[in-house]
Amino acid sequence: MLDLQFICDNADLIEKNCQARGVPCDIPRLIELRKKRSELIVAGDDLRRQQKETAAKIPKATSEERPALIEFGKNLKTQVAENESTLKEIETDLNAELSRLPNLTHPDAPIGGEEDAVVLRTWGKIPEFDFKPKDHVQLMADLDMVDFESGAKVAGSGFYFLKNEAVLLELAMVQFAIEKVRAAGFDLYTTPDLARQEVLEGTGYQPRGPETQIYSIENSDLSLIATAEIPLGGMLKDQILEESNLPMRVAGLSHCFRTEAGGHGKASKGIYRVHQFTKVEMFGFTAPDLEASNEFHQVIVGLEEEIFQALEIPYQVIDTPTGDLGGPAYRKFDLEAWMPGRGENGEYGEVTSASNCTDFQARRLGIRCRNAEEKGTKFVHTLNGTAIAVTRAMIALIENHQQADGSIRIPEALRKWVGMDVISAKS
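My numbering numbers the first residue of the sequence shown as 1260 and each following residue consecutively.
Hints are computed from structural coordinates only; laboratory data are not their basis.
Where is the CB? At the ideal position from N, CA and C, for every residue including glycine.
Be aware that a few hints might be false.
Unchecked claim - Taking CB as the label site, the calculated pair distances span:
1) Ala-1314 - Gln-1498: 38 to 44 Å
2) Pro-1283 - Gly-1678: 51 to 57 Å
3) His-1514 - Ala-1442: 20 to 26 Å
4) Ser-1344 - Gln-1309: 15 to 21 Å
5) Leu-1453 - Arg-1674: 34 to 40 Å
6) Glu-1298 - Gln-1434: 55 to 61 Å
7) Lys-1336 - Thr-1471: 38 to 44 Å
Unchecked claim - Below are the DMTMM-like pairs computed for lysine to aspartate or glutamate, each with C-alpha atoms no more than 25 Å apart in a straight line:
8) Lys-1528 - Glu-1609
9) Lys-1275 - Asp-1406
10) Lys-1391 - Glu-1633
11) Lys-1336 - Glu-1323
All chains should be built: construct the whole structure from the sequences, respecting the hints.
As structure tokens, then:
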């Protein structure tokens, strides 16, 4: 969340930022709640001071004075309890208002909704087929690479079984991404698929409520993670880091779970929007200044581009508009890969995202750093980016590398793991 004092000192800026992001806010109420909290804290301290003074008087009081002092002490105890109860309610309401506020926004981020996204650059040549291309659903069905019926039977709509060469392809993409990020200096982790509620909230996700996309475990404070960003960010919760050791680069391999499979129609069918998928995620902790985190942001995006260039998949990089930013993101860049089977004649579809969250998540998670030349500590900046989200990357690979006979050419970068140059129909 944002610093409360900063919010109160910059109310107009916060309201304007929320308006640009399409997020409702009530800054006057937040300021009023803060004022009430301060008044209650002062009043509570005064009541406890009176309690202490009264308790000290009782042993020295005469028998005539003692009953009144005891009664006064009881009244003070009741008032202290009422004060603490009211303070707790006010703090709950204040924290709820604070948690609704999104991060500040990079001044260069486009204003508007999804349709206002700005294409920063494109890479690769969109394939021109001398045959009618198929979408990934048809290609995978013809090559016996997926089983949606069994997935629905076992776990419900939105689940699936990858089969045969699709399994090899998934493992190959994971291995390739892992090799890539490790060479870039990222420490590797396999993460828990579960996280506590405070960790999800700390990273900006809502584990409870009607609009959540999180699977929560009944009768516990655990939820299935939607991305490895959650456990990677949470693993340094409440720690103080040395600024000289920053940036820290970590990457996590995990399953990801989303309750809402998303929109319907041709663009969302198959494995584009699913309830579970495998992903390799990059995460960074940097020094608490925009120069450091913006520089790391470019490192993450650069690695994403290198991965898709090696997979020989055309893509475009977009600057995400304010109305489409997640709450923690200060700025977000998406890679959208060309998918020949999407829409009527092919469309770009999101395959990665990379976000600079500045100190928004670190403030919630209590992750600080200290500098030997300065007093005190500061909240670090955190960043995240997709190295590979298997299902969407697989769609783009299969559709772009399909051949006239229905086979799929494997790009050179993956062949040592897949063990073949082409996935062909079985005889």
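Indicate whether the distance between the beta carbons of Leu-1453 and Arg-1674 respects the range 34 to 40 Å. The hinted range 34 to 40 Å holds for Leu-1453 and Arg-1674, with Cβ atoms some 35 Å apart.
So does Pro-1283 sit 51 to 57 Å from Gly-1678, Cβ to Cβ? holds (53 Å)
For the range 20 to 26 Å, tell me whether the beta carbons of His-1514 and Ala-1442 fit it or not. holds (24 Å)
Is the hinted pair Lys-1391 and Glu-1633 satisfied, with a Cα-Cα distance of at most 25 Å? It is violated: about 64 Å lies between the C-alpha atoms, which goes past 25 Å.
Note whether the CB distance of Ala-1314 and Gln-1498 lies within 38 to 44 Å or breaks it. holds (40 Å)
Evaluate the given range 15 to 21 Å for the C-beta pair formed by Ser-1344 and Gln-1309. holds (18 Å)
Does the structure keep Lys-1336 and Glu-1323 at a Cα separation of 25 Å or less? holds (21 Å)
Restraint check for Lys-1275 with Asp-1406, where alpha carbons must lie at most 25 Å apart: violated (48 Å)
At the C-beta level, are Glu-1298 and Gln-1434 separated by a distance inside 55 to 61 Å? The hinted range 55 to 61 Å holds for Glu-1298 and Gln-1434, with Cβ atoms some 60 Å apart.
For Lys-1528 and Glu-1609, compute the direct alpha-carbon distance and say whether it is at most 25 Å. Within the cut-off at roughly 14 Å; holds.
Can you tell me whether the CB distance of Lys-1336 to Thr-1471 sits inside 38 to 44 Å? For Thr-1471 against Lys-1336, whose Cβ atoms are near 41 Å apart, the range 38 to 44 Å holds.
Taken one by one, the earlier hints fail for this structure at numbers 9, 10, listed in ascending order.
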